[in-house]
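Based on the provided sequences and hints, a complete structural model is requested.
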Amino acid sequence: MTNIFGDRKIRYWIIILVLFGIMYPYRQWLNSEKDRLDLGEATLGKVDTGSFMLKLALLGGARGVAANVLWTRAIELQRIQEWDRMKTTVDLITKLQPHFLAVWTYQSWNLAYNVSVEWDAPEDKYDWIKQGINFVRDGVSKNQNSPDLQWDTAWTYYHKLGFADEAIILRKLFRDDKDEPFKTNPVNKSIQNDNFQVGGGWFESAVNLVDSGANRLNTSIESTVEYVDAPTQRKGRAGDLAFRSMPAHAQTRYAVSLEKESMKDVPATFGELAAAEWNNALLSWRKFGDYTYEAPNDIPLEDKRLVKNKVRIADGEDYRVFDKMTKPEYWQEELGIKVTANDAIALAENKKHWTDRWGTQMNYPYWTDRCRAEATSEGVSARRMFYEGTKAYRRADFQTAVKFYRDGLNLWKDLLKGHPSYGNDDINKKDTGLIVKRYKRAFLQAGLGNDLPADTPFLDFLKIAEADTSVDPFDAQEMLPSTPGASAGGGAGAAAGAGAAGGRPTTPPPAIRPTSPNVQPLK
Amino acid sequence: MTLGGIFNNVLDSIFLIAQADAAAATPQAASWLMNFMGWVYLLGDPAITTKGLLGSLLTWLKIIGLFSLVAWIGARVLQAIKDRISLPALSGLAAAGLVGGLISILLQVLQSTGRLALPIIGGVSPAIILAILSIIAVVVWLEATLWISMSRRESPGDKLLLIAMHIALAFGMFSGIYIVQNYASTQGIKISILEGIQQGSRMGLTFMGYTALAMLGFRLLQELRRVNPIRTMAIAWLSRKEATRRMWAPYVVTAVFLVVLAFTHWFLQPPRPAEMSRLFVGTLTLLCSLLITLMIIFLSPLSLPTDIQQQTIYTIVSKPVSRLEMIWGRILGYMTLVTLIIALFGGISYIYLIRQVNSTIRLTAAEAESIRSGNPLRATQLDEQAEQLTARMSARVPVKGSLLFRDSRGTPQIKGIDVGQELEYRTHVEGATPSKGIWRFGVISHPFDEVRNMAARDSGKPPGPQQYPILDRRVPVDNFLRAGTLEYVDNQIATLKAQQSKGVKGLESNIEALQTQRRPLANKDAELKAALKAAQTADKQDEINRVQGELALIHSDPFKVEMTFTIYRTTKGRVGEPVFASMKVLNPITSEQYENTFPVREYYTDMQTIPASLLVGSGGFLNIEIQCVSSTQYLGMAESDLFVLASDGSFFWNFFRGLMGVWLQALVLTSIGVFAGTFLSWPVALLTTIAFFIGGQVAFGYLQEFAIQAQTGGGPFESLYRLLSHDNQMADLTPTLAVVTAKTLDSLILPVMSRLVYVVPNFASLDVSNSVADGFAVTNDKMIGNALMAIAYALPFSVAGFFVLKNREVAA
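Residue numbers (this note's numbering), protein chains in the order written: chain A, 43 to 565; chain B, 124 to 935.
Don't take each hint at face value.
Derived lysine to aspartate or glutamate pairs resembling EDC-like cross-links, with alpha carbons at most 16 angstroms apart [said to hold, decoys possible]: (1) A:K352 to A:D340; (2) A:K220 to B:E492; (3) B:K707 to B:D648; (4) B:K695 to A:D502; (5) A:K350 to A:E375; (6) A:K220 to B:E490; (7) A:K455 to A:D497; (8) A:K472 to A:D502; (9) B:K282 to B:E266; (10) B:K695 to A:D207; (11) B:K695 to A:E375; (12) A:K472 to A:D514.
Have a look at the derived ranges for each label pair, beta carbon to beta carbon [claimed, not checked]: (13) A:I122 to B:K523: 16 to 22 angstroms; (14) B:T859 to A:Q70: 52 to 58 angstroms; (15) B:L676 to A:I122: 42 to 48 angstroms; (16) B:G672 to A:E124: 38 to 44 angstroms; (17) B:T859 to A:Q403: 55 to 61 angstroms; (18) B:L911 to A:V159: 41 to 47 angstroms; (19) B:Q544 to A:A488: 38 to 44 angstroms; (20) B:L467 to A:D77: 53 to 59 angstroms; (21) A:V159 to B:L674: 45 to 51 angstroms; (22) A:V159 to B:M730: 22 to 28 angstroms; (23) B:M730 to A:A318: 47 to 53 angstroms.
Some chain A residues well away from chain B (every beta-carbon gap over 12 angstroms; in silico) [as the list claims (entries may be wrong)]: (24) M65; (25) Q70; (26) W71; (27) W170; (28) A206; (29) N322; (30) I341; (31) D345; (32) D365; (33) T368; (34) R399; (35) S419.
Simulated from the structure, these hints should not be mistaken for lab results.
This one's a predicted model, so the numbers in the text were calculated from it and none came from an experiment.
Ideal Cβ placement from N, Cα and C applies to all residues, glycine included.
The following block contains the structure:
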């Protein structure tokens with residue numbers, strides 16, 4: 043009998059079958075690993091074919107090399123100011139390595155901050171910021187378990203659009219943008235016209251992601267990297283104070299910007315809506331305050347056990363809760379252990395210390411108090427009067443301006459009596475001082491006397507405001523020259539100054555700006 | 124330029140003396156001798172060349188000649204070795220020469236690294252003396268071997284050639300020494316005899332190269348008589364058939380092309396509509412070029428070795444087929460295939476491109492229209508992007524001026540203000556100061572001269588003599604002035620009057636005739652202008668349009684100036700307010716002016732139209748001055764940022780020219796591939812072709828660094844040492860044994876490697892797709908230059924292939 047293994051073909055078949063047999067469990071394991079680490083290429087029904095094809099073409103190992111070459115090329119293209127080609131190159135990198143989070147984070151920041159600043163016209167800047175945001179959002183869709191990327195998305199909406207020097211124009215461009223997916227809030231899925239709302243939604247989404255336990259701090263790709271100085275402060279760590287405060291910040295910003303002309307040619311909003319948004323801001327802060335953090339230190343009990351305190355920032359609003367805590371029964375309930383009376387006092391002290399410390403660090407009392415004050419009808423009315431006063435001042439109607447400012451300041455004074463935390467804060471002193479400053483100007487211009495009456499409220503804040511000559515970049519009333527006769531916040535009137543037909547003015551600036559002879563710039 | 128001039132320039136360049144006054148350099152020798160030696164020097168020194176086509180041709184001949192020389196000597200020596208000419212004394216001499224050379228290099232390295240201090244003997248280092256002795260030993264061995272071999276083989280032709288070479292060497296040697304001795308001494312430079320010999324041997328070798336080249340040329344001519352176009356075509360046909368049948372190459376390439384094209388939008392999403400055409404033209408040309416390159420890399424070097432291996436070549440070599448036909452036939456066959464494929468790819472790409480871009484333009488414009496009322500800023504931006512895209516889909520012919528600056532104090536400068544940007548290409552003018560950028564058009568002095576002259580004129584002194592060449596940057600006035608218009612006639616009159624004032628007689632009647640022609644035009648112009656005014660006061664729109672139309676008929680169209688400036692802000696300024704630039708166009712002959720102020724949009728092309736009347740009587744001279752109006756802001760500009768748009772050519776033909784670039788690349792690569800196939804086995808031939816391509820496409824800059832031996836961190840061995848020892852590229856290395864060894868090996872290998880740059884064609888420079896993508900016309904000059912360059916590589920490679928194949932026993 044001839045040996046059947048002597049036949050070459052049979053031998054090959056056997057090798058093929060054996061290899062296949064080995065490969066099958068390996069693939070099973072590989073797929074489960076992929077699922078576990080969320081590295082699968084296809085989210086159901088949505089296959090990134092371009093990425094898949096590129097990876098196929100560059101068979102596995104060469105991907106890293108190709109990504110490196112592309113990265114170097116992108117840097118060079120940026121140096122020679124070839125922005126569009128740079129963006130295309132960066133896109134290719136993410137097609138090669140879509141799960142390498144640093145690429146998304148770094149390059150979206152690069153596009154939104156570094157590239158946009160190179161372009162002079164605000165609408166071009168806006169374009170590049172949008173490129174940056176869409177870039178990181180693409181990253182989010184490919185790495186759905188990363189709170190980091192969601193937070194980066196939120197930050198760019200919130201900070202780059204909302205805090206830039208050109209914020210009033212960028213926010214206006216955002217409002218007028220017809221791109222609905224770009225303006226969709228990821229939490230409540232509604233289309234919103236304010237970047238602070240959308241940004242706030244993304245912050246919230248990032249926090250929710252952490253809360254839902256999908257706490258992917260880094261990908262498997264990065265975890266193999268040996269950092270010289272390992273970044274322990276990853277965004278999205280469950281105890282990260284700043285991380286959790288951002289939804290509330292964004293909501294507060296939104297409420298603040300509602301009550302000014304914070305978008306060019308868009309009038310401020312008051313009334314029910316403003317009050318409601320301040321209430322929402324308060325809710326957001328409450329949610330932040332309600333979260334339980336773990337204190338970093340261990341408290342040694344009398345029986346040598348070590349325990350950690352749980353800290354809730356909102357406890358700081360009412361110190362009476364700490365009195366309860368000096369009793370051992372409380373700790374029996376919270377920690378489930380028996381402690382002595384001394385232990386209870388030590389624990390209560392420690393808890394109070396951290397609650398206080400973190401509350402102050404996050405300015406929690408200020409924000410909550412402010413939200414409460416601003417949400418009242420008096421608060422909204424006072425803000426409206428300041429706004430109307432400024433508008434009147436800009437159209438050189440000084441009598442009206444004086445009336446608005448005076449009434450508003452009186453209202454404000456009465457309101458702040460009940461809100462010491464807010465009233466004594468430096469930010470409020472500066473803001474209110476600015477109003478007093480404007481009031482003084484209007485008062486003098488109206489010819490009502492040489493100085494403000496001594497009973498004017500907040501006169502002591504005037505000095506602070508006068509020492510500060512910077513303008514509020516988030517208020518078009520301060521940023522843009524006033525056009526006499528036109529209502530500053532009235533939209534149509536102010537738009538005329540910018541050339542109604544073309545958007546950007548096409549005539550050169552005259553040597554002297556056309557301001558009303560007796561109107562001083564608002565500073 | 125006179126020959127004497129050439130000679131002076133040539134001498135200047137060897138001794139690096141910047142001659143302020145050419146007359147001072149006149150040597151005492153007779154002028155005919157000087158002229159003659161000038162030519163000899165130009166022809167003989169391998170590193171010297173002159174401007175224009177002649178210069179390129181000379182360099183080409185010199186390099187080909189030197190390679191022919193090396194090839195010829197190499198072939199003869201190999202033959203001698205095969206003939207077993209080995210005299211023990213001779214071999215000993217050769218070995219001694221080689222060892223001596225090595226020791227000499229080692230000594231030099233030791234000396235330069237400070238490891239060894241050798242005494243200087245008679246002004247010369249012993250290492251040099253050893254080197255000379257070694258060279259003499261090797262030369263003696265070479266001479267003896269060649270003579271003995273030729274005597275035994277009894278080849279009188281070769282002997283004759285060898286004699287001719289010696290005469291050439293002697294002539295070169297003599298001229299070199301003569302030139303150095305006679306002309307260097309007049310410059311007051313002390314020259315050692317060694318330098319004379321060095322110069323002499325350089326020139327001698329070049330002349331020997333010419334001799335070898337002449338011989339090869341003669342042989343080639345003999346072979347050319349045997350080349351039959353029909354047989355060549357038959358071989359071409361066969362290669363094409365083989366390529367399609369055996370390799371399936373065209374089908375594979377076309378399939379890949381179509382697949383990639385179908386899914387382009389997966390890889391390419393232009394960030395902004397304005398950039399779309401640029402991205403697509405670039406990518407499509409790249410794709411076409413890559414696929415064709417791949418196809419050639421796999422086809423051309425494989426064909427001959429496979430034929431030889433499979434012995435199918437017998438059927439051809441046993442017939443009266445010239446070896447040259449075998450090479451050229453193959454090249455022709457592959458190039459036919461390449462032509463067909465490029466035509467196909469080009470056609471598909473073009474249609475795809477036009478469809479995509481036109482639809483993007485349409486969509487962008489439509490989007491702008493739909494949001495104009497709600498979001499005017501964005502609408503204007505989209506309009507401008509659509510405009511940019513349209514501009515890029517043409518073949519603009521720019522007329523570039525010469526740029527110089529005045530700084531913030533009004534002092535003339537060759538460059539503007541440096542604001543500290545990393546990219547130093549653009550320099551800046553400061554807003555609301557006398558600072559400006561001035562573009563001059565016409566027959567103008569060099570900016571270096573002009574800056575000096577402007578400064579002199581500013582301070583009331585007479586301008587000095589010109590030291591730099593005059594530039595011709597004239598505006599093509601005739602392009603812009605339409606015949607039969609007022610400006611056209613005015614321009615003719617002005618030209619004739621200018622001639623008259625120079626003393627040309629007999630122009631009165633011509634001027635009179637033109638004046639008669641002008642009168643009715645001027646009358647009609649005055650009439651229409653009055654009518655326009657009346658219509659404007661009456662506010663009749665139809666009437667205004669009609670009169671304006673008629674006015675346009677008797678006037679030439681305004682011409683366009685395009686510019687792209689960058690903005691550098693020192694303060695934010697008022698939010699949303701652009702930076703303004705003012706433009707002044709001046710006709711320096713008639714002093715007519717045009718001024719305008721406009722907002723600058725960074726990274727966009729600003730276009731201004733200038734009335735054609737500015738060109739009347741200008742003779743192509745024009746000054747354009749740009750100032751920044753907004754105070755505390757800066758405008759960045761470089762010379763090519765502003766140009767007069769001479770014409771808008773057709774994008775189709777420009778795209779075609781872009782594809783021609785790909786075709787030329789393919790031609791060069793095919794010749795290299797076929798050449799490699801003549802003497803290498805197919806895997807090696809394949810790798811060689813790939814190496815050539817990568818060297819010429821990706822690593823050409825690096826090779827150039829090699830050629831001038833300017834790499835930081837030393838040659839390959841020193842770099843390897845640095846890599847292994849973690850030393851950076853700049854640090855001086857301690858002369859340890861390893862370092863000295865590495866440097867010695869580098870000194871051996873670098874001179875050889877640095878010559879490689881002449882063999883590797885600069886593939887990247889044949890690629891003109893960037894101009895096409897940017898919407899600039901690829902000029903005829905550029906195309907001809909590229910074609911000549913491609914031939915300059917393709918021809919020698921194919922001929923070299925022929926000689927190899929001829930001397931190879933393929934059917935052994």
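Check the following: the C-beta atoms of V159 (chain A) and L674 (chain B) are separated by a distance inside 45 to 51 angstroms.
holds, 46 angstroms
Is the hinted range of 47 to 53 angstroms satisfied by the C-beta distance from M730 (chain B) to A318 (chain A)?
Holds: the Cβ-Cβ distance is about 51 angstroms, inside 47 to 53 angstroms.
I122 (chain A) and K523 (chain B), beta-carbon distance inside 16 to 22 angstroms?
The hinted range 16 to 22 angstroms holds for I122 (chain A) and K523 (chain B), with Cβ atoms some 20 angstroms apart.
May I ask you to test the hint 53 to 59 angstroms on the CB atoms belonging to L467 (chain B) and D77 (chain A)?
violated, 45 angstroms
Does I341 (chain A) really sit off the interface, with its C-beta more than 12 angstroms from all C-beta atoms of chain B?
Nearest chain B Cβ is 50 angstroms from I341 (chain A), so the label holds.
K695 (chain B) and E375 (chain A): Cα distance at most 16 angstroms?
Status violated; Cα separation ~59 angstroms.
Using the beta carbons of V159 (chain A) and M730 (chain B), state whether their distance is inside 22 to 28 angstroms or not.
holds, 26 angstroms
Holds or violated: K695 (chain B) to D502 (chain A), with C-alpha atoms at most 16 angstroms apart
violated, 32 angstroms
Test the statement that N322 (chain A) is away from the interface with chain B: the closest C-beta pair must be farther apart than 12 angstroms.
For N322 (chain A), whose nearest Cβ neighbour in chain B is about 27 angstroms away, the distance exceeds 12 angstroms, so it holds.
Interface-negative label, M65 (chain A) against chain B, beta-carbon threshold 12 angstroms:
holds, 28 angstroms
Restraint status (C-alpha distance of K350 (chain A) to E375 (chain A) at most 16 angstroms):
holds, 15 angstroms
Since Q70 (chain A) was said not to touch the interface, does its Cβ keep a gap of more than 12 angstroms from each Cβ of chain B?
With a cut-off of 12 angstroms, Q70 (chain A) remains clear of chain B, as the shortest Cβ separation is near 30 angstroms.
The structure fails to meet hints 3, 4, 11, 19, 20, 27, 28 from the earlier list, while all remaining hints are met.
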